[in-house]
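Note that the protein sequences, when read in sequence, are chains A and B. Counting in our numbering, the first sequence runs from 6 upward without gaps. Counting in our numbering, the second sequence runs from 63 upward without gaps.
The reader is advised that the hints may include incorrect statements.
[Unchecked claim] For each label pair, taking beta carbons as the anchor points, the in silico distance ranges come out as:
#1 Gln-152(B) with Asp-257(A): 49 to 57 angstroms
#2 Asp-304(B) with Asp-257(A): 34 to 42 angstroms
#3 Pro-233(A) with Ala-278(B): 30 to 38 angstroms
#4 Gly-232(B) with Lys-111(A): 51 to 59 angstroms
#5 Thr-219(A) with Val-244(B): 26 to 34 angstroms
#6 Asp-206(A) with Ala-80(B): 51 to 59 angstroms
#7 Ser-241(A) with Glu-77(B): 35 to 43 angstroms
#8 Ala-80(B) with Ala-262(A): 17 to 25 angstroms
#9 His-152(A) with Gln-383(B): 44 to 52 angstroms
#10 Gln-203(A) with Glu-282(B): 43 to 51 angstroms
#11 Leu-112(A) with Asp-255(B): 34 to 42 angstroms
These are calculated hints, taken from the structure and not from any lab test. Since the structure is predicted, the reported quantities are computational estimates derived from the model, not experimental observations. Ideal Cβ placement from N, Cα and C applies to all residues, glycine included.
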Amino acid sequence: MHAVVFIKQVPQQNSVKITPDKQIDASGIEPIISLFDEYAIEEALLQVEKNGGKVTVVTIGGEEQIDALRKALAMGADQAILVNDPALRNIGSLGAAKVGAAVVRKLGDVDVVFCGKQSTDDETAVFGPAVARYLDMPVLSYVYKVHELDPGAKRVVVDRAMETTTETVEATLPAVLTTVKDLNQPRYPSLLKIKKAQKADIPRWTAADLGLNTAELAPKVTYLDRVPPPPRPKGSMIDGGSAQEKARKLVDVLVNAQVI
Amino acid sequence: MANEVWLLAEAHSGELTAATKELISKAQELAAALGGQPAALVLSSNAAQVAETLLSYGLPKVYSVENPALEHYTTDAFVGAAAALIRQHQPCVLLTGASLQMRDFTAALAADVDAGLGSDCTGVAVRDGHIVAMRPSHGANVINTLGFNSDLVIISLRRQVAPEAQPAGGSGEVIRGQFPQVAQRMRVVKVEDKSNAVNLADSQIIVSGGRGLGSAENYEKLVPTLAQAFNGAYGASRAIVDAGWVPYERQVGQTGKTVSPKLYVACGISGAIQHLAGMRNSGTIVAINKDPDAPIFKVATYGLVGDVNELLPALTEAVEQKTRS
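For reference, chain A alone in the conformation it holds in the complex (with noise of 0.2 angstroms):
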């Protein structure tokens, strides 16, 4: 079976700069591998280790991506993209997933595609049902367990993680699965995994190699503003000589507020 997990590398804290030109600085903030990414690459190498086959790791972005993908290398996968185009930056949730149904149909062979349920930056949660959509594939997300993935058949059967329930769901494959946390404990790579993938090579894909006529990629939603979030009003402490007077006099202070 062939595999392929979409990851995106983002800061590791969000305590970003907005720059004049409303663009997100992260300068100086340790880039890793957006959380949920690290679950969806897991679990393509423990289907894979169960079906055989290969796992193609993708990324959609600039060189500094290329360190995102040297660590899912290093974990296992057994190639890596980067589809880096100066005419593919900004286009959006919806262009990036335009851009990875170019990728999966270049690929040719897919079986199952892996993305985390969200990116833990821009969190619009939009990339895996819709790159479902542009390929015409079913898409099963949130998925926190994963019953039964068989090529062969073609067909998957994953738990999904709601609110307050649990779906169990099938499908027919190809498939786009969305990764939650703790569906699996990704692996850490052997200091022998990481030379090697350090020495990797990794091609680079451009609009052009994927047949993609960038006008079509134009973002519908502009920013229009970003900012900081507003401060929070300035709070107040509530003291007392006893754990019960605290008490009494914060609950006092909840019902005049209204708040209780």
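With chain A's structure known, arrange chain B on it following the hints.
Same frame as chain A, now just chain B:
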């Protein structure tokens, strides 16, 4: 293009959800500002009944598709049905809730009908005749104002964006759509309620615990009890979820749930940036921590310095006394 502002209505056991009632108010407000009309969209295995309920809220139009395939949400069935109606009637706005199903639905639908999408927004308004939407990103460290240049704008909206609409009587019409011939490649095998499950996003009061509680036993003894006294729900910080004290579905924070209740009580939580991302939009924040320099106090409306293992039982008692009196 019709100047219609649609909302996707959801019902449980025939009752409209609170989120849907908010969306009705919001759709009415936006339609008035755009010089258009609000309308509801209902996709369900018992759509006829829900459509009648929606008309009683004074909506002039309800678009309805009824089919057994719509009993449980699947992306294929819901997006297929909605896309067909959208292509036929061409609304300019579609509002939905921001539940996980709706996040899945709006993403696939926007791709299908080539719409502009604002995902998980905290507000939507009309400015100079155009729709703008507000959405936080980067763990609530960035507030984005989105503009759109598409014929259709789809917005998934969090709770508390508008007052819940009240039934107003009405004589609107129901427009029945056909369930289209779509590939149905997925099937819901079963749906199980999680044990002790609660939708934190719907809770008005949340009590959360962190490492300062010292042990899983202390958390279990103190936090749910205080939450119960408040008639609220209970959550946890990432640190104690990772430590295995509490299951992941209770985690509040950037990699867990994002909540904005009326009252959030943080007990023994230091206030890591990842936790603040999930709760800083709460109405009133109470922080209880033994370290007076803990970052949680920077966002707290009221702070109590002290040992959570003494303060929580005292607070539970004080709340119970107050609610009894």
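Would you pick out the hints that fail for this structure and give their numbers low to high?
-> Hints that this structure does not satisfy do not exist here, as all of them hold.
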